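Engineer: Got chain Z sorted already, so can you dock chain D onto it with the hints?
2 protein chains.
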Amino acid sequence: MENSATKNRALGTSSIAYGSPVLIMGSGSVVGQMENEGPLGGSFDKVSDDKNDMFGEDSWEKAESALQKEAVAVTLSKTCAEAGDIRFLFAGDLLGQNIASSFGLMDYNIPLFGLYGACSTCGESLSLGSMSVAAGYADRVMSLTSSHFASAQKEFRYPLEYGGQRPLYASWTVTGSAAFLLQSTSAAKKSVSGSTIKNNYEADYQKKVGITGVTVGRIEDYGIKDSFNMGCAMAPAAAWTIATNLKDFDRKPHEYDAIITGDLGSVGQQALFNLLAQEKIDIRDRHYDCGLIIYDTEKQDVHAGGSGCGCSAVVLSAHILPRLAKGEWRRVLFVPTGALLNKTSFNEGQNVPGIAHGVVIEALDQ
Amino acid sequence: MENSATKNRALGTSSIAYGSPVLIMGSGSVVGQMENEGPLGGSFDKVSDDKNDMFGEDSWEKAESALQKEAVAVTLSKTCAEAGDIRFLFAGDLLGQNIASSFGLMDYNIPLFGLYGACSTCGESLSLGSMSVAAGYADRVMSLTSSHFASAQKEFRYPLEYGGQRPLYASWTVTGSAAFLLQSTSAAKKSVSGSTIKNNYEADYQKKVGITGVTVGRIEDYGIKDSFNMGCAMAPAAAWTIATNLKDFDRKPHEYDAIITGDLGSVGQQALFNLLAQEKIDIRDRHYDCGLIIYDTEKQDVHAGGSGCGCSAVVLSAHILPRLAKGEWRRVLFVPTGALLNKTSFNEGQNVPGIAHGVVIEALDQ
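Line by line, the protein sequences give chains Z and D.
Each step along the first sequence adds one to the number in numbering that gives the first Met the number 0, with nothing skipped, and position 326 is 325.
Each step along the second sequence adds one to the number in numbering that gives the first Met the number 0, with nothing skipped, and position 69 is 68.
Extracted from the complex, chain Z is given alone in its bound form:
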């Protein structure tokens, strides 16, 4: 059997090209009610049946843990897999010390890498997960992340009961979680000792979509001090990752059908265009932002768009992967964006730097 690990290549500054695609065998998304009232309504796997999005729990933090637990369950179910088939989890969230992930995932008893990349965590978890699979360290892993509007407001901003006004350039944290089952091309052929994994994976995009490379992000700090202005804080990191990806892979923007950032929103999107223009890169005709896809910014009271770790994750699961599976897009650059701060750093007057991790996802010929 061909050993794909021998053909993985380290490219340029911070990219890796895989010898064989890492298959995205399936994914599961779970969201709150407001997310399902947006343009993607009806395409999520599970929606809260409670207007406060408590998911049956008695605190917002536990509700976010329930989101992650449910996202894993849905993904296992859709791919006919069991927890024992998953060798490693790569997961993180926005809450301090990753408690949404820890308490949401521990019952699965799957070895865990805890990650923190703020709202770029979906990109970080897909990167490290696919790197592990491509290296042959695991046949199957799961990458996931989450955010919850109420737990994020409590963690970063004001208590909801305070009823503070949000500036028009602020974004709205998505309540949602999505998980992705990554698998090596050779794994389906092997038997899995001690497990009963079936070969009849039933996800819509089974074996049709794969990760072919990644570009690891670095911290960019443009001196933004306003923690509501996440879009501008993260745009420089997105610009660096996109420019580095194009250079490392020696590609032009038109070689991607879409370049999709995580949660820059309308204000950050313009900043991104301006920064890339300085590098003579124009992606305006193929740029999308998950924060602008998930909500109707004119009809829903979200101001600049959606944000949060869950934003890019649920949009990837419910919108981007299906478009790739249908062949509407052949190759996309998925770039979740994160703002690196906490309430202490903000209150002590520190800047809000950003980071963005790039993942190349392609439709595969059958």
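Hints were generated in silico from the structure; no laboratory data involved.
A few of these clues could be false.
For chains that are exact copies, the list does not tell them apart, and a pair is met inside one copy or across any two.
Taking lysine-lysine and the DSS-like style, the derived pairs with C-alpha atoms no more than 30 Å apart in a straight line are [to be verified]:
no.: 1; residue 1: K153; residue 2: K246
no.: 2; residue 1: K325; residue 2: K45
no.: 3; residue 1: K325; residue 2: K251
no.: 4; residue 1: K6; residue 2: K153
no.: 5; residue 1: K251; residue 2: K279
no.: 6; residue 1: K207; residue 2: K251
no.: 7; residue 1: K153; residue 2: K298
no.: 8; residue 1: K45; residue 2: K153
no.: 9; residue 1: K50; residue 2: K246
no.: 10; residue 1: K6; residue 2: K251
no.: 11; residue 1: K207; residue 2: K325
no.: 12; residue 1: K153; residue 2: K224
no.: 13; residue 1: K342; residue 2: K207
no.: 14; residue 1: K6; residue 2: K207
no.: 15; residue 1: K207; residue 2: K45
no.: 16; residue 1: K342; residue 2: K153
Here the structure is a predicted model, which means the values were calculated and not measured.
Structural biologist: Just chain D now, with coordinates in the frame of chain Z:
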């Protein structure tokens, strides 16, 4: 040239054995004054010259960032490397949203994977760092972590000014940071494009010590609710990782010269022995705990021992690696241990589960 990536093997439940060792080319440790007054005094690379361990900063969080920045600088200096020679950083800390790492590392402009494994982060960062090098994704990476007594007390417990008493089974958070430069065996032979890396690495243990495998930890929850009783909260995770490592690698305890946990302290150590006894595993004659190595628990007012991400990191750098380089130990299992909680989860009555990541480190024949 031999491609080591072809010989990496996924073993058992959650272990990986590398085809070629990932070299630990050098490391740097920076600590506070109290750490230097303990049994390892004099063996750290840098010590605070200020009794409050502020490292020239005006807040504890910034002081912890300064620790990380300095640990990288010392490690680069000891290995005659430059920031541009390091392809990826794998870093994390105990503060919410990893701010010590973000603000400490951003000036180096090195692509970053942010990690969170509580006090097991040193094991997680060495695992993911060595996995990336062994897979050929990078010639050189750096793994690092930190903790600071005062920032940790503020984050997890009580304000220092409150002057609360600590129970005798509580541990004392180490003020310290250590960084490790990992390199592939083939990298020294290659030229590094666009950089001036020298071949005269001068670290004491250059090319003498390497990582030969890892065992990824999973969350174990034994229902501990007292956040001061970290040792007992983490012992089950350490027991799982040690037992799994022995099984996955098909080794007996005596095939390790030392099995070294991160920060169980005196109380957690006894719990670990009891748990392993149930599995008929006896490591009592070769078990060490970094939390018991770093302080003199009889003379220093630390109660059960040291803890914090920095505890296992600085002990690895200042004590364990030198013993391996000198040949006093040939093979050790290094198992940093973490307690997964934050102040919200604790105040909402959640348990304190643990996680521990195992790293096999060996003396190499020259």
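Engineer: It remains to establish, for every hint, whether it holds in the given structure.
Structural biologist: Do the hints match the structure? See the list:
1. K153 to K246: neither (40 Å within a copy, 44 Å between copies)
2. K325 to K45: within (22 Å within a copy, 58 Å between copies)
3. K325 to K251: within (23 Å within a copy, 52 Å between copies)
4. K6 to K153: Cα proximity of K6 and K153: none, with 46 Å in one copy and 48 Å across.
5. K251 to K279: Within. Shortest intra-copy distance 11 Å satisfies the 30 Å Cα cut-off; inter-copy 60 Å does not.
6. K207 to K251: within (24 Å within a copy, 44 Å between copies)
7. K153 to K298: within (25 Å within a copy, 42 Å between copies)
8. K45 to K153: within (24 Å within a copy, 39 Å between copies)
9. K50 to K246: neither (46 Å within a copy, 48 Å between copies)
10. K6 to K251: within (23 Å within a copy, 36 Å between copies)
11. K207 to K325: within (9 Å within a copy, 53 Å between copies)
12. K153 to K224: Answer is both; intra-copy 19 Å and inter-copy 23 Å each pass.
13. K342 to K207: Classified as neither: same-chain Cα gap 42 Å, cross-chain 43 Å, threshold 30 Å.
14. K6 to K207: Both: 21 Å inside a chain and 29 Å across chains, each within 30 Å.
15. K207 to K45: within (23 Å within a copy, 53 Å between copies)
16. K342 to K153: Result: close both inside a copy and across copies, 10 Å intra and 13 Å inter.
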